[in-house]
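Engineer: Residues per chain, in single letters:
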Amino acid sequence: MSAAGLREPLAARAALIVIAVAYVALMLLLPLGAVLFEALRGGWNAWWSAVTDTDARESIKLTLIVAAISVPLNTIFGIAAAWAIAKFDFRGKAALIALIELPFSVSPVVSGLVFVLLFGAQGWFGPWLQEHDIRIIFALPGLVLATLFVTFPFVARQLVPLMASQGRADEEAALTLGASGWQTFWRVTLPNIRFGLLYGVLLCNARAMGEFGAVSVVSGHIRGETNTMPLQVEALYNDYDFVAAFAVASLLTLLAIVTLVLKTLLEWRHRGELAARH
Amino acid sequence: MADVAMLGARGARGRSPLPGLGLSLGITILWLSLIVLIPLAAVFVKSGSQGWHGFWDAAASPRALAAYKISFGAAAIAASINCVFGLLVAWVLVRYRFPGRRLLSAFIDLPFALPTAVAGIALTALYADTGIIGRFLEPAGVPIAYRPAGIIVALTFIGLPFVVRTVEPVLVNASSEIEEAALTLGATRLQTFGRVILPGIAPALATGFALAFARGAGEYGSVIFIAGNVPFKSEIAPLLIITQLEEYNYAGAAAIACVMLLISFAVLFLLNLLQHWQQKRGT
Chain D
-15 MSAAGLREPL AARAALIVIA VAYVALMLLL PLGAVLFEAL RGGWNAWWSA VTDTDARESI
45 KLTLIVAAIS VPLNTIFGIA AAWAIAKFDF RGKAALIALI ELPFSVSPVV SGLVFVLLFG
105 AQGWFGPWLQ EHDIRIIFAL PGLVLATLFV TFPFVARQLV PLMASQGRAD EEAALTLGAS
165 GWQTFWRVTL PNIRFGLLYG VLLCNARAMG EFGAVSVVSG HIRGETNTMP LQVEALYNDY
225 DFVAAFAVAS LLTLLAIVTL VLKTLLEWRH RGELAARH
Chain Z
261 MADVAMLGAR GARGRSPLPG LGLSLGITIL WLSLIVLIPL AAVFVKSGSQ GWHGFWDAAA
321 SPRALAAYKI SFGAAAIAAS INCVFGLLVA WVLVRYRFPG RRLLSAFIDL PFALPTAVAG
381 IALTALYADT GIIGRFLEPA GVPIAYRPAG IIVALTFIGL PFVVRTVEPV LVNASSEIEE
441 AALTLGATRL QTFGRVILPG IAPALATGFA LAFARGAGEY GSVIFIAGNV PFKSEIAPLL
501 IITQLEEYNY AGAAAIACVM LLISFAVLFL LNLLQHWQQK RGT
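Line by line, the protein sequences are chains D and Z.
Under this note's numbering, the first residue of the first sequence is numbered -15, with each subsequent residue one higher.
Under this note's numbering, the first residue of the second sequence is numbered 261, with each subsequent residue one higher.
Hints in this document: simulated from the structure, not taken from any laboratory.
It is possible that part of the hints are untrue.
Pulled a few chain Z residues facing chain D out of the computed Cβ check, cut under 10 Å [claimed, not checked]:
id	residue
1	G286
2	A302
3	A350
4	W351
5	F358
6	G360
7	F372
8	V378
9	T384
10	P498
11	I516
The beta carbon of each residue, even a glycine, is placed where N, CA and C say it ideally should be.
Produce the entire structure from the sequences given, and follow the hints as far as they go.
Structural biologist: Set out below in structure tokens:
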């Protein structure tokens, strides 16, 4: 089986490994290090005062609020979509899946633009909204809508293949034993998919908190009011306040690292339950 | 993505005795329409509102054409680079065992997790003339930051995981029997790679390319800090949309967005064909 000819010579193997590791270190690790290095360039005190600055604190709060609204909504949608698609047969299922994944292939800027076209001053509903003094664009609702759009497929695409691979025998058994539909969902389906669900929510949340292009279009960039953390990073950077920009960026980097660690742990511990992912 | 489509399509056979189809499908279609379909339709309606000539003037202005060329050109170059190094990384991760392999694997997804604006300023800090990398490249006559080359660097960063994660499962599943047969028939390892292994993973590689390309063409956050953003030289299409919006030229912005959407839908369609091809080959 393991004939020598089936593997590359040791020197070739070593060279390939070194190139791969060096490439990843140069392309991925170095930028990560650069953020932390630049953030702490002015020392811990400068870092601390940058991340506790009023505008920075407001941007952190706004980012958390936007994620706290959009992630649960897309999670409920994702579970509903996966239940319909994975547990039932109906026509047009493939088309429905393609439409759900559509936001992945739309530029973030276009994802924000669509809501400006609908709700902006010159948009379809613009005049009506102005009459009734309702602000969507350049305000929290616009940020939430843009975030909902870009994070739309995350939970659904995680759960559809997982629930499809699990079939519906467990649910059928529960129903036969007299459980109601909701009981079956809460006590049978949800425990079966919990790690897949967690995985999807994790990725959805990372994108929701880190989204830049889409929210940039709808935000209006009012500091302390409509700037989320990534937008605050841009604002500080454009002011040449690099230490502060990288300090706020370092918080987002921490979020990325935590996301990666949790994601990797989930993959190691619950490989079986996430297996249908690929 | 087609894996999902395939699994979904064969998920459950026959009439399902489970409740909740109406409710779950209702929520799905309502939410899909409100958040995705109706807003996307607005782009097409708005760009049509100015008549064909108005649309064409905005969508095919010299500045817009230059921006498409930069966005799609840089995305194609970056995706090609990622095909080479992505394949190399995937190969090493699947075929070899070495200390730190799992850590390397975990790191590949960093571009998925790191906010694009953070990636943008980090890459700019590295590749500017004062940066750790730019300091050496600039005197060597290879300036990167604030030039089209910077766009390619940013898109290469963004696109790597798409290629690695698409090629990896195919390499895992590739049977060693064909490789053994090639060896028995006297092929060298390099010949085996070029004539046996590479054709087998070609569909996956093409899929990875298309995914990285599609993502790169629409990318904004990681690019604008490093690009320089000079019209006709280093101005990407998404930035031009924002410029038009800031000038309150909604129809112009919609026209450019419309072109970008049509191109990404075309790529998506090609992607589905590719994945169909991949499944038919049974890899």
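Engineer: Each of the hints needs a verdict: does it hold here or not?
Structural biologist: The hints, checked one at a time:
1. Annotation: interface hint on G286 of chain Z holds; nearest CB of chain D at approximately 8 Å, less than 10 Å.
2. Look at A302 of chain Z: its Cβ gets to within about 4 Å of chain D, closer than 10 Å, so that hint holds up.
3. Using the Cβ-Cβ criterion of 10 Å, the hint placing A350 of chain Z at the interface with chain D is satisfied: the shortest such distance is roughly 9 Å.
4. Contact between W351 of chain Z and chain D, as hinted, is supported at the beta carbon level, the nearest pair being about 7 Å apart and thus within 10 Å.
5. Residue-level restraint check for F358 of chain Z holds (minimum Cβ-Cβ distance to chain D is 5 Å; threshold 10 Å).
6. Satisfaction of the interface hint for G360 of chain Z is found here, the shortest Cβ-Cβ separation to chain D being roughly 7 Å, below the 10 Å cut-off.
7. The beta carbon of F372 of chain Z comes within 7 Å of a beta carbon in chain D, closer than 10 Å, and the hint placing it at the interface holds.
8. The restraint placing V378 of chain Z at the interface with chain D holds, with a minimum CB-CB distance near 4 Å, inside the 10 Å limit.
9. Interface hint status for T384 of chain Z: upheld, as the beta-carbon distance to the closest one in chain D is roughly 9 Å, under 10 Å.
10. Taking 10 Å as the C-beta contact cut-off toward chain D, the hint placing P498 of chain Z at the interface holds, the least distance being around 4 Å.
11. A least Cβ separation of about 9 Å between I516 of chain Z and chain D falls short of the 10 Å threshold, and the interface hint therefore holds.
The structure is consistent with each of the numbered hints, conforming to all of them.
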